[in-house]
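Work from the hints to combine the two standalone chains into their complex.
Now for the letters of each chain:
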Amino acid sequence: MLRSQEMSLFQLIMPRESAWAVMDQLGYMGKVEIIDHDPSIPLIARPFANYIKRCDDLLNKLNLLIETAQKLTILKQFQISNKTNNKMCPKIHTHQYLDTLEDQINAKVNSFLELNRNHEQLLEQQGIIIDQLDILQECRIYLGDDFFVSRDSKFDYFIGTMKQEEIYQFQRMIFRVTKGNAFVHIKLQNQKAIYIVMYPDQGVILKKKLQKVQESMSLNRFTLPINLKEFDKIQNDLTVKLKEIKQLIELTNIQLNSFIQELLKQTEGIRLIDHYNMYISKEKQLYIQLNKLKMQGNLFLGELWIPKKDSVQLNEVLLIVKERNRDIPGCQISQKVPQTIPPTYFLLNEFTSVFQQIVNTYGIARYREINPALFTIITFPFLFGIMFGDIGHGFCLLIFGIYNIFYKLEPFYELRYLIVLMGFFSFYCGWIYNDFVSLSLNLFGSCYVVDGQLTPIKPQDCTYPFGLDPIWGDNLEFDDSFKMKLSVIIAYFHMCLGICLSGCNFLNKKDTYGFCCKFLPQILFLTSTIGYMDFLIIFKWVVQFSPQNAPSIINTMITMVLSFGSVEGPPMWNVNSQELIQSILIIIAVVSIPWMWFSHIIKGYQVYQRRSNVKIQNSTSSIEGSQVIELQLQSIQDETQQEKSLLQTHDHNDLSPDEEFTELVVHETIETIEFVLGVISNTASYLRLWALSLAHSQLADVFYSLILSSPMTEGSIIGALLRYPIWALVSFGVLMCMDTMECFLHSLRLHWVEFQNKFYKGDGVEFHVYSL
Amino acid sequence: MDLCVFGVDDGYAEAIIRGLRASFLTEAQYQQMKNCASIPELKSFLEETDYQNCLQADNPQIPTSILRQRLKKKLADEFEYIEAQSTGTLTKYLFHLRCRFMIDNVVNMIEGLKNKIDIEILLSNIDPLGWFPEIKNIKVLEGDDYSSLYRDVLIDTPIGVYFMKFLEESIENLHENRTLNDIQNLFREMKPEYIRTSLKKMWLEDFYVFCEQELMPTSQEVLLELLKFEADFKTIQVIYNSIGNRDLNTAAKIITTRKQLCPTIGNLYPDCEKMYLQAMTLDTLREAVKGCDNYRDLLKDAPDPLKREEFNVQTKTLDDIMYDDECRRYALAFDGQGSYGVFYSYLKLKEQEIRNIIWLAEMISRKLAKNHPGWKKIIIPFSHLGK
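These protein sequence lines are chains A and B, in that order. Take the first sequence: its position 68, counted from the start at 1, is 68 in the UniProt record's numbering, and no numbers get skipped. Take the second sequence: its position 214, counted from the start at 1, is 214 in the UniProt record's numbering, and no numbers get skipped.
One chain only, chain B, in its complex shape (with noise of 0.2 Å):
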């Protein structure tokens, strides 16, 4: 039924996205890419692309941290035209993905500052897509105290709630009869990575009920199972990045910490969350989560994290398995009718192709040989159709 007045509301945007499509950069430009000699070189390429406009004004030797401000500045306007055209349900839904990229912008700017760089230039860093007007005030902050930044400057903000739920359930994590002291040393040792996996997780909790509650069926369908997967990846992420972490030294603070950072949707929550909170190497990780999906094959070729030290360039990691099997699920959410999922999905597998031209910006200003395994680590948007 929602398929016959989807049109009336969000045909338009849906539409736009859908042209975009054509934007997305092809396997033979890929190739193409892949032979240019020098970062000139790839950027006269670029040119030629759907990037033309948004390169023409930097010289040709552009720094690739200026190339993904510019071509996620790109993706940002795009974005931002299609939030302008929404209307209803569909500009809240937007909204909610802007999100992810402003609990990204605020945690960058947290570790910035803790790092003592220069307020500007984490401002000319931030990621467009997650901007919003207050971002500049995170500047206040002093020291660990999050709580008064909280206070100061993120109550205003579209991530305020998620950072006051944090902020609460940190200190409620906190043994009963705790002193101010205990709250500032809980603060200081929190690692700017940690905010950012526990923002995240609530933000996808909550943009799971928010599609869950709002949402037509249609849209529903599609995007409760690419948000299940997500969470299950990121479970996953948590399980496996603990694992032989040096930092959480006990059995105990393992768990705790996995069982604050994991969320608690997806295909694993509940089932599965008890064995996967205690698995200490890859091997229980995979027999936990082998009732679900594909995901033991995907572990399959995961390499063991307990021998972290002997990665390197060549290594497929983890992220690397997940980020192609996302983006097969995206590429077969977008070419969907009739739901939110191709704006997701369009987000996402661009997201995919301005990691792509970086990575291999970075490949070539490395002057790496043609020959490196490095050049094949690229997902290429839609490459998973074809076969």
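With the rest of the complex left out, here is chain A (with noise of 0.2 Å):
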């Protein structure tokens, strides 16, 4: 955890036909990443494109199956099992499988789908039917028995159904075509239409007109029956045929349902249709593996990262693979020497990982540097905790969290651990500042005797045992004072920490000029001013001083840089040696900017010379037999390749000496200015805490001075009983809500900014497991 996994990387060898089975056993290893040899070529262009499709086709017509049999309200709530655990996946390990697969589901999906349409058409069919049977008795209704005795031939009519939407289309186009000569009866039935249009038989062209506007607005169309026989006669027709149809579709329902009953059969444990779509999601995920290796001739070659103790078990994979396919040539491997930065690696688990995450929305570290995840799981709570700290929200905050850990709270969940440490931590800071909802508890007994006096006398030998003293409940002026001191401590602490890690940096990478001219300055830098003044706070903490003989720890740290050292005022102690440590402090602080300024330039410099040396040799004695320059070039070249990673000159290696040498110096110079500066800014930056806990204790002051203080301080019962669900309720959307919000980010910016700035680099590649 506190660097990442050691990778090496190993090249694959293997002829085409035992490629499946290796990328096979080395996904179901779980522990490699392929490397994509040219991220550049489009899908189309590689290799096993088609295979990819093919995948894809099948899901999609899965996909198609269960949206299918969703709407038939066959399948109800029916959702396609994750991959929940290695077990319960297809331990298939032959690729001819996908080709079996892919004709059952092809031929299932086809004739579920025809069945599927059958089922349509048949009620399709029977919605006609029905239809119908509507207008008949409709006609029968409206125009009355009449009618169909003794029939008028002046007129002609027209029945069918259509959209209801569109009646009013209907009539007006009718009304237009016909002059207003014709008589639109409309009834409202079953989400459709039922109009009947009686108009004068005046001539063909007017009814091939009719005709065509009912062709192109209707769903249906019938004939009007002649007389009452043949009325009957239809209608008697139509219901048989309604009944048949009824039993068909049963039919086809109970084989539709069957169907279905046959893909969620389960066989060893799985549903068949599960089967199916997770080994097509497997071999989909494995062909798009495939696809980054490099194919040449019969052999594909490949590339892959994979943690250093790890290594040993891929050739024994390797030879599982061996033993199970006899026939197929095997495949070989080899460790390369790795020519890019290898990926970054953590082994993380459930509680680490969301503090992996804070870190890595950041940036991912770089390979082998020091991860700060480790140190936030501690630093980040507590930071919250000085923010938010209260013994009754901190509480509240706890459970929530402990709550999480054993029910499942969907968008909470993956926090839960970081909940109960920011839980805790507020829970113990409110403790310290003696905070419960902004009232004082006094469990011990105040050390302090009110005696009518304006200030409180203390008994000598009295210490409040944890936390402060009740007494100092309402002390704004001390509550500001004590938690004011206490960030700046805190900010030492947390900076010195990120120093110190950017030391450990350099002696991984075995740099001890980087350690020298970085680490020890910069610490030096920061422990003689910053440092300084929190010794002078713990100092006046633990001293006692006479009010007027108190000193200012602002006015000695303000003299001590401007008159060089020297002391105004009283003194902390002796003026004599305050003096000499302060103008020792300050010589120190002093020099260390030039020591960390200057000492890269002069190394990057002598490099410099150095190369512009080799340049006038070369061209000078480019005439002469070349091989003895090359070989000295060589030499050099070894040399200034180590010295490059001093220069932190990242990626700069296509740029000339002269821009190189300008850029370091413009970089060290930014560097130390940044870091110069920071020392103070980020300083004070770390006054947040205070801030943040300040106003955090004082809305919960105000809401419950506002809310509940002044019906319980007059007894009223149920005043207070009124009042407490407002109470509650305020204090949880501003304090329980959007306090813990506003805390968090905060924790979140001194994490990043102002520890993280003083040793990650985080310019790192995520390694990306490939595991079936």
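There's no promise every hint is true.
[Unchecked claim] Pairs of lysine-lysine, DSS-like flavour, derived with a Cα cap of 27 Å:
1. B/LYS116 <-> A/LYS212
2. A/LYS179 <-> B/LYS139
3. B/LYS74 <-> B/LYS165
4. B/LYS165 <-> B/LYS139
5. B/LYS34 <-> A/LYS294
6. A/LYS336 <-> A/LYS308
7. A/LYS187 <-> B/LYS136
8. B/LYS259 <-> A/LYS53
9. A/LYS53 <-> A/LYS163
10. B/LYS136 <-> A/LYS179
11. B/LYS165 <-> A/LYS179
12. B/LYS74 <-> A/LYS53
13. A/LYS61 <-> B/LYS73
14. A/LYS207 <-> B/LYS92
15. A/LYS282 <-> A/LYS61
16. A/LYS212 <-> A/LYS187
17. A/LYS282 <-> A/LYS322
18. A/LYS233 <-> A/LYS187
19. A/LYS208 <-> B/LYS139
20. A/LYS209 <-> B/LYS165
21. A/LYS209 <-> B/LYS114
22. A/LYS209 <-> A/LYS187
23. B/LYS92 <-> B/LYS200
24. B/LYS73 <-> A/LYS53
25. A/LYS212 <-> B/LYS139
26. B/LYS139 <-> A/LYS207
27. B/LYS114 <-> A/LYS212
28. A/LYS209 <-> B/LYS136
29. B/LYS139 <-> B/LYS200
30. A/LYS207 <-> B/LYS114
[To be verified] Example chain A residues on the side facing chain B (calculated, C-beta under 8 Å, incomplete):
31. PRO42
32. LEU43
33. ILE44
34. ARG46
35. LYS53
36. ARG54
37. ILE167
38. GLN169
39. MET173
40. VAL177
Keep in mind the hints are simulated off the structure, nothing from the lab. Backbone N, C-alpha and C define an ideal beta-carbon position, used for all residues, glycine too.
The structure is reproduced here in structure tokens:
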């Protein structure tokens, strides 16, 4: 966790025949990352694009099947279960299985869709028949029995059904075409509209035109029976037909149902459809990975990263492949020296992953650089706690976190351990501040005696056992001074930790020069300024001063810087020794600035000189035997290669030495200025700890005194009961929700900016494990 | 001032359009498309772009007509979504944009019915952008009786106004003592293309007035400029196409027809009207438009319409030249802030993109050699801005 896993690079060479089997096993191993040999190649141009397409098609078909089934309400609330563990994944190690599966699925889906189509057709027929029956009935009611008995031939009729939303359009059209000489009767029924159009029989043209209107607008058209006898006959026929169709529909429904049941049948603990789905998803993943390999004739060339400690396993896996498939040629594997920076891989668990996530959001750690996530586990909730410190609110948060661990509460489930720790630390800090929803608890008995005097008297040898004495409860001035000083002290230690981690990074890289010229001056500068101030704060807490003799820390620090270590006003201890120490500290601070500024520039300048010498030599002696020069160049290049990492010119390889050097100067200057200013401004930035904690307690105080305190002091129980929910809601909304967010964000900022900028490069590449 | 309040009502719609900007194919993608060897390959390429969803259900050997339909459907869906998100003036404005497609659809239907093409085929080929419920009733059309078509069907439709105006104008142009027979003859001889051009002219003029009266100054500034150009483009096209046209045999007839078809807006009208109406050769046309903008430069490369028979695929026709210039203008308008120009440009540029894809699909399906000049005949939206 402190550093990312060491990675090794392997080259994989395998013939086409065994490629599938090897990749299959590697996928099940789940420890490697296959490197894409050329990410710029589009998917179509890759060798296995059609396989991926096939898998996609099959997945689509399965989805289609499920969707249609859901529409038919055969399947309710069906979900393709996700792969939860490896055991559920089908263990079929032949790639021909895809072909059989493809056939199976195709056959199944096709027959299902065929059935469905039948079903739909039947339903449609049923609809038409029902419409016809309805319309016949309507005609009978509307036109009356007499109509069928003695029919007037002067009029012609159209009957049929249409969509309800087109009624007005239809009426208008009829009106226009017949110039108002038609009568339209419309009745709404079953989301459709039944129409009966009656118009005078005036010749073929009009009839034709009306027919066209009818054609273009109606869903179904029917002819009106001529007499009652025919009417009855048609009606009877239709009812018989309807019965038949209903039976048929029933039948297809049963078929469809049994079809789905077959898909849901469990074999070896998984449903058939899940089996299909998982296998195809797996296959798709596998082909995506296979696509990353380079194909040369019949051979696949691939490179892969694997954690060093797992590399033994890699060989075992390949042996398994050989044993399983004796008839195909095996593959070869060889370790290579990596040319690129290996990816960053941390072994994480449920607890650490959320903290790693906090760090990763800022940037992925560089390979083998110290991972701040390890420290974040404690410092993050702790800084949060300082800001959120309150016994009551902290306890609520803690309980919420614990509840989340046992009962899954979706959006917060991932954050559960973070919330628990945040809750715990705010609970703890609440006890330190002795702040319970803005009230001070007097559990152990205050040491001060309030005796009707203005200033309470404190007996000598009494200390409040834990946290602040409740007598200070409402004293804002005391709170301010305490929390402000506390945040400055924490600032020093937190930043110090950051700088020390940068020292560890230098040591890990065996970069003693960097250690001496970056880490040492930085930590000295920080300690001699902010460190000294913290010392003064603690010193003043520990030693008792009489009010008129008490030295001011601010004044001490200002005069120390302005007048070179001299002391004005009352000294902390002995004037002489304090002045001596202060001037030494000033000297250290001043010296460390050029120390960290110029050391790398000087080194860079030497390299630059040497290189330009080489160039001159190179150009003068180019006529002579070039071999010698090449050798010379080689040795110098090797040297410079090592120095390059020192130069911190990350990827400016294409720059000329001149530019490289100026770049270095600018870089170092900016970095130094940033650090020196940063020591002051970052310390000031930590004062947000004080400000937010103050804001929290003051808000709690305001809500309490405005809403709850008056009925409680008056002793009216009803008033208190009525106001309590308001107070609880406001407290929940503002303090538990908004303030939690706010403190979280500020804690995040302190980590990302103030802490991580001291050492964290965060420009690594994440390790994407290939796992089936 | 209107920039301050633009976002209040139209900010969301504009934001969506701006987001859709990312869906335009890039030059590199066009290059890849050109490298596709077959239609299935082209389709699977398109499935990796923004067109993914609209093509998935089709089989790989997709005919170009269906391909076009799918692409247009996607554009129409996007447009409809934006329309649904719009309010007030923007809704009206977007509706006006749609009218152009409706005119196309109606004229296509009329043309199809005249040629006795089945209505189902016609309905499946209509542009989804210009769909309106009454369109299927055009079937009622009997022979060339446009006035009854108007009376029965189009009177309700959004483009009914244009159609009415068109009918009135065409009848008015007949001599005084006209008979019913004359009118019928008139319509019988009328080409659908003629109807289309006149309707579009009316639409353009109407749209111009709408923009002038109802839109805010920033939108006006952008749109009027675009519309003026479009009107000029139409004018030049009409003149250009009528040069040496055999159907129009007398000079007087040419001039009256031209006068009817040329929009009465734009930079050329009315200053150059007299000159361009008289222009009978390409050179005189060039001379007529020289006073305006860069039209002369545009016409410099246009092939002579009198040698129409010699044109082939390689010829860069007037349309190509105009589209190219148009594309540049639309891309510029698209990048302008706080105006309704984006919606217009988006439609136009997407249309161009669809044209490109279809063109390439045609080229691919005909298996033309890769060095064929036709491959270069696409105009890539936004490619002008990079230079």
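Proposed proximity, A/LYS294 with B/LYS34 (alpha carbon, max 27 Å): Roughly 25 Å between the alpha carbons, so the hint for B/LYS34 and A/LYS294 holds.
Restraint outcome when A/PRO42 is required to lie within 8 Å of chain B by C-beta distance: Nearest chain B Cβ about 7 Å off; hint holds.
Straight-line alpha-carbon gap A/LYS207 to B/LYS114, limit 27 Å: The given pair, whose Cα atoms are some 21 Å apart, holds under the 27 Å limit.
Proposed proximity, B/LYS139 with A/LYS208 (alpha carbon, max 27 Å): holds, 11 Å
Restraint status (C-alpha distance of B/LYS165 to B/LYS139 at most 27 Å): holds, 22 Å
Hinted pair A/LYS209 and A/LYS187, Cα distance within 27 Å: holds, 23 Å
Interface hint outcome for A/VAL177 [beta carbon to chain B under 8 Å]: holds, 6 Å
Agreement of B/LYS259 and A/LYS53 with the hint, judged by alpha carbon distance not exceeding 27 Å: With a Cα-Cα distance of about 57 Å, the restraint between B/LYS259 and A/LYS53 is violated, given a limit of 27 Å.
27 Å Cα cutoff - pair B/LYS73, A/LYS53: Roughly 24 Å between the alpha carbons, so the hint for B/LYS73 and A/LYS53 holds.
Per-residue hint verdict: A/MET173, partner chain B, C-beta under 8 Å: holds, 6 Å
27 Å Cα cutoff - pair A/LYS209, B/LYS136: holds, 14 Å
Given pair status - A/LYS212, B/LYS114, alpha carbons within 27 Å: holds, 16 Å
In summary, the structure is inconsistent with hints 3, 8, 9, 14, 34, 36 and 37 from the numbered list given earlier, while agreeing with the others.
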